[in-house]
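Visitor: Given next are the chains, with one letter for each unit.
Protein chains: 2
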Amino acid sequence: MSDMDLISGLAGKSASKMILLVLDGLGGLPHPDTGLTELETARTPNLDALARESICGMIHAIGPGITPGSGPAHMALFGYDPVRFEVGRGVLSALGVGIELGPDDLAARVNFCTVEKGVITDRRAGRISTETNQRLCEKLSSISMEGARVLIRPEKEHRAALVFTAPGLSDRVSDTDPQKTGLAPLRCEPLPDGGEAAERTAELVNAYLDRATEVLADEHPANMIVTRGFAKLPHIPKMTDLYGLRAGAIATYPMYRAVAKLVGMEVLETGPSFSDQMDALNRSWEGYDYFFIHYKYTDSRGEDGDFEAKVSCIEEVDSQLPRLLELDPEVLAITGDHSTPALLKGHSWHPSPLLLRSRWERRDGVEAFGETACARGGLGVFTAVQLLPLMLANAGRLEKFGA
Amino acid sequence: MSDMDLISGLAGKSASKMILLVLDGLGGLPHPDTGLTELETARTPNLDALARESICGMIHAIGPGITPGSGPAHMALFGYDPVRFEVGRGVLSALGVGIELGPDDLAARVNFCTVEKGVITDRRAGRISTETNQRLCEKLSSISMEGARVLIRPEKEHRAALVFTAPGLSDRVSDTDPQKTGLAPLRCEPLPDGGEAAERTAELVNAYLDRATEVLADEHPANMIVTRGFAKLPHIPKMTDLYGLRAGAIATYPMYRAVAKLVGMEVLETGPSFSDQMDALNRSWEGYDYFFIHYKYTDSRGEDGDFEAKVSCIEEVDSQLPRLLELDPEVLAITGDHSTPALLKGHSWHPSPLLLRSRWERRDGVEAFGETACARGGLGVFTAVQLLPLMLANAGRLEKFGA
Numbered sequence: 001m002s003d004m005d006l007i008s009g010l011a012g013k014s015a016s017k018m019i020l021l022v023l024d025g026l027g028g029l030p031h032p033d034t035g036l037t038e039l040e041t042a043r044t045p046n047l048d049a050l051a052r053e054s055i056c057g058m059i060h061a062i063g064p065g066i067t068p069g070s071g072p073a074h075m076a077l078f079g080y081d082p083v084r085f086e087v088g089r090g091v092l093s094a095l096g097v098g099i100e101l102g103p104d105d106l107a108a109r110v111n112f113c114t115v116e117k118g119v120i121t122d123r124r125a126g127r128i129s130t131e132t133n134q135r136l137c138e139k140l141s142s143i144s145m146e147g148a149r150v151l152i153r154p155e156k157e158h159r160a161a162l163v164f165t166a167p168g169l170s171d172r173v174s175d176t177d178p179q180k181t182g183l184a185p186l187r188c189e190p191l192p193d194g195g196e197a198a199e200r201t202a203e204l205v206n207a208y209l210d211r212a213t214e215v216l217a218d219e220h221p222a223n224m225i226v227t228r229g230f231a232k233l234p235h236i237p238k239m240t241d242l243y244g245l246r247a248g249a250i251a252t253y254p255m256y257r258a259v260a261k262l263v264g265m266e267v268l269e270t271g272p273s274f275s276d277q278m279d280a281l282n283r284s285w286e287g288y289d290y291f292f293i294h295y296k297y298t299d300s301r302g303e304d305g306d307f308e309a310k311v312s313c314i315e316e317v318d319s320q321l322p323r324l325l326e327l328d329p330e331v332l333a334i335t336g337d338h339s340t341p342a343l344l345k346g347h348s349w350h351p352s353p354l355l356l357r358s359r360w361e362r363r364d365g366v367e368a369f370g371e372t373a374c375a376r377g378g379l380g381v382f383t384a385v386q387l388l389p390l391m392l393a394n395a396g397r398l399e400k401f402g403a
Numbered sequence: 404m405s406d407m408d409l410i411s412g413l414a415g416k417s418a419s420k421m422i423l424l425v426l427d428g429l430g431g432l433p434h435p436d437t438g439l440t441e442l443e444t445a446r447t448p449n450l451d452a453l454a455r456e457s458i459c460g461m462i463h464a465i466g467p468g469i470t471p472g473s474g475p476a477h478m479a480l481f482g483y484d485p486v487r488f489e490v491g492r493g494v495l496s497a498l499g500v501g502i503e504l505g506p507d508d509l510a511a512r513v514n515f516c517t518v519e520k521g522v523i524t525d526r527r528a529g530r531i532s533t534e535t536n537q538r539l540c541e542k543l544s545s546i547s548m549e550g551a552r553v554l555i556r557p558e559k560e561h562r563a564a565l566v567f568t569a570p571g572l573s574d575r576v577s578d579t580d581p582q583k584t585g586l587a588p589l590r591c592e593p594l595p596d597g598g599e600a601a602e603r604t605a606e607l608v609n610a611y612l613d614r615a616t617e618v619l620a621d622e623h624p625a626n627m628i629v630t631r632g633f634a635k636l637p638h639i640p641k642m643t644d645l646y647g648l649r650a651g652a653i654a655t656y657p658m659y660r661a662v663a664k665l666v667g668m669e670v671l672e673t674g675p676s677f678s679d680q681m682d683a684l685n686r687s688w689e690g691y692d693y694f695f696i697h698y699k700y701t702d703s704r705g706e707d708g709d710f711e712a713k714v715s716c717i718e719e720v721d722s723q724l725p726r727l728l729e730l731d732p733e734v735l736a737i738t739g740d741h742s743t744p745a746l747l748k749g750h751s752w753h754p755s756p757l758l759l760r761s762r763w764e765r766r767d768g769v770e771a772f773g774e775t776a777c778a779r780g781g782l783g784v785f786t787a788v789q790l791l792p793l794m795l796a797n798a799g800r801l802e803k804f805g806a
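Which chain is which? The protein sequence lines are A and B, in order. Read in my numbering, the first sequence has 10 at position 10, and its numbers run on one by one without any break. Each number in my numbering comes from the position in the second sequence (counting from 1) with 403 added on.
The set of hints was computed from the structure by calculation and includes no laboratory data. All C-beta atoms in this analysis are idealised placements derived from N, C-alpha and C, irrespective of residue type, glycine included. Honestly, I wouldn't trust all of these hints.
[Stated by the list, open to error] If you want the footprint, here are the derived chain B segments under chain A, 3+ residues with CB under 8 Å: (1) 432-446; (2) 522-533; (3) 775-786.
Please construct the entire structure, taking both the sequences and the accompanying hints into account.
Guide: Encoded structure:
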């Protein structure tokens with residue numbers, strides 16, 4: 001019996017409302033001049049006041065030293081073992097643009113790129129506009145393959161989702177994106193353990209990519225596509241079924257909406273800003289027991305390496321928090337899915353600060369919301385997959401285990 | 404290999420003595436007026452002095468958010484994975500009243516109840532006296548069933564243990580206790596996965612309950628019994644065998660004596676008060692390597708929701724501690740099996756404060772024994788199943804792993 005089965009078996013009903021607010025890539029590293037992280041630098045009167053009336057801690061998305069992608073990090077926050085329930089990049093892309101996947105579907109992430117004299121000179125085709133992307137996807141939709149349906153749909157800028165539909169396709173095939181410039185796009189190859197199904201799948205993918213190259217030949221700069229993250233829809237029990245929850249997701253980016261949908265949440269309408277998200281929360285308050293609110297830009301500015309801009313993003317969220325607190329959720333958790341220190345310009349393995357406010361938690365003397373303070377919090381350092389049981393317990397939704 | 408196999412494989416001998424003192428339901432929640440928990444409110448000079456010369460921490464019985472019953476919580480403290488070694492309520496009841504269980508035995512917990520016009524009006528039959536219970540159990544002992552032996556034995560007040568003995572009985576049958584008044588007692592049903600053995604078992608149980616109803620018809624208020632927690636004895640390796648220990652248990656309540664016996668401890672004679680338990684400890688000191696001392700009333704008063712009474716219980720234990728300390732055990736652990744905050748009037752998921760005193764542990768600057776202080780202790784927050792290895796190591800009983 002897995003921990004998830006155990007928790008699911010104990011789940012009961014309650015009228016209490018839970019909010020999980022994820023500031024993507026929240027955790028950081030100290031600025032060399034001040035010794036303070038982005039979160040510790042930000043002026044966050046609301047988060048600090050919350051920390052004082054919360055129990056705090058640090059969470060590893062997966063475990064010490066492991067830098068997670070956003071998919072597994074969110075799966076963990078939703079209570080799923082992120083290794084057992086790994087969701088492929090292709091699936092996340094396809095779900096993110098609203099493609100419903102079935103058992104015969106094989107999905108991949110596509111990048112438009114620039115190829116000159118046979119080698120890739122720009123892996124993002126100069127970050128073409130989303131409009132150009134849309135036009136090119138329409139053009140590519142003219143391609144038809146024998147024995148398989150193909151669907152390509154634009155994401156933002158140079159990214160698109162590609163789905164092949166046919167019986168017996170395998171996800172055990174390699175990427176064609178060489179991940180650096182100066183190299184030719186790769187051929188799709190069956191992986192050693194993929195068997196005959198992978199061989200047929202690789203043939204189909206290569207035939208499609210050859211046709212795509214012809215169709216895009218006259219375009220510039222986006223005259224080619226590369227693919228990665230071939231994946232099929234995994235079997236994932238819905239958290240709504242597991243725990244008897246009505247769960248709503250308020251996320252602006254396709255991938256996070258996709259993961260939320262995958263675990264059974266309803267994806268709510270929202271505008272792009274955090275203020276819009278607070279509007280959405282207020283509108284939907286009565287309809288759900290559990291809200292997942294995802295704020296993207298802390299991660300984006302961390303990835304840019306822009307320490308000050310990340311600080312500003314945190315301050316923006318803080319300034320809007322009173323609108324959330326007015327709703328007085330019985331259980332409120334605020335954390336990151338992983339750290340994205342501006343100093344590293346990318347995701348990192350560092351645990352994320354967490355605050356959990358509930359009438360039924362102890363206090364721990366933490367005076368401010370920050371990495372150093374939370375590392376001394378009453379919850380200690382634990383793993384993200386354990387957060388949901390803790391939220392459910394505080395909401396009065398878990399029965400006793402054993403007599 | 405499980406962790407238990409690993410630890411067992413490393414176990415060696417030593418003359419050091421270990422004491423595990425469990426204050427049942429020790430952990431609490433802050434009183435709204437003072438911000439202090441029951442333990443933090445209590446005047447505990449001895450526990451506080453101990454904390455200063457100990458290393459402290461917090462332990463989850465099972466994991467974050469999971470509220471345990473007393474059975475699994477104690478199994479964890481004794482070093483057993485509480486999910487893998489789940490012990491059913493019926494087995495705990497039967498062992499608790501001194502019934503030795505074998506492979507053909509199926510045990511259940513019985514409540515005497517009051518039924519009027521077909522529905523239960525009191526699930527505890529007005530908490531009949533233990534003497535009445537004894538008389539009714541004798542009366543019920545007149546019932547004989549074809550193909551099975553039946554044994555019913557009184558616990559305290561309205562509770563009794565019921566054991567059916569026959570080859571091929573199944574524990575996959577449902578409770579007949581509807582868990583609320585105003586409903587008729589349920590019929591015992593085979594669970595979906597129970598197969599033919601469960602069907603036969605349910606028939607036997609229902610036939611017995613029909614006979615019991617006849618036998619009790621003229622009684623008042625206890626004119627019926629309901630059953631729950633049908634269970635067979637699980638296979639549990641003895642901790643005495645696993646670690647080469649002579650272990651003694653000093654517990655006043657049947658259930659804790661039962662769990663101790665189940666893992667191979669000898670149950671020692673003791674009177675009902677903590678002072679009596681200290682007498683028992685002193686009498687038995689030379690005979691054992693490991694003592695489990697169980698103090699019940701912190702949990703009872705927590706369940707009552709009586710904050711002040713729970714504080715007094717903690718103070719009573721503290722006042723008697725010098726008698727334990729005079730024996731100068733090499734390893735002393737004091738903790739709870741789970742929290743029972745007076746504010747919640749029941750078991751809760753909150754981790755239990757722990758102090759571990761040993762000549763071979765580091766110090767951590769914790770100045771008092773309380774939840775807030777222990778959360779900053781040197782052992783951090785961990786799970787109860789990891790306590791026994793730590794105690795064994797401090798007793799010099801664990802060899803090095805690997806070369």
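Visitor: Next, verify each hint and record whether it holds.
Guide: Evaluated hints:
1. Requiring three or more residues with a Cβ within less than 8 Å of a Cβ of chain A, the coverage given for the region 432-446 of chain B holds, as 4 such residues are present.
2. As drawn, the region 522-533 of chain B meets chain A at 0 residues by the rule of a beta-carbon pair under 8 Å; below three, the given contact is violated.
3. As drawn, the region 775-786 of chain B meets chain A at 5 residues by the rule of a beta-carbon pair under 8 Å; at three or more, the given contact holds.
Hint compliance for this structure: hint 2 is the single one not met.
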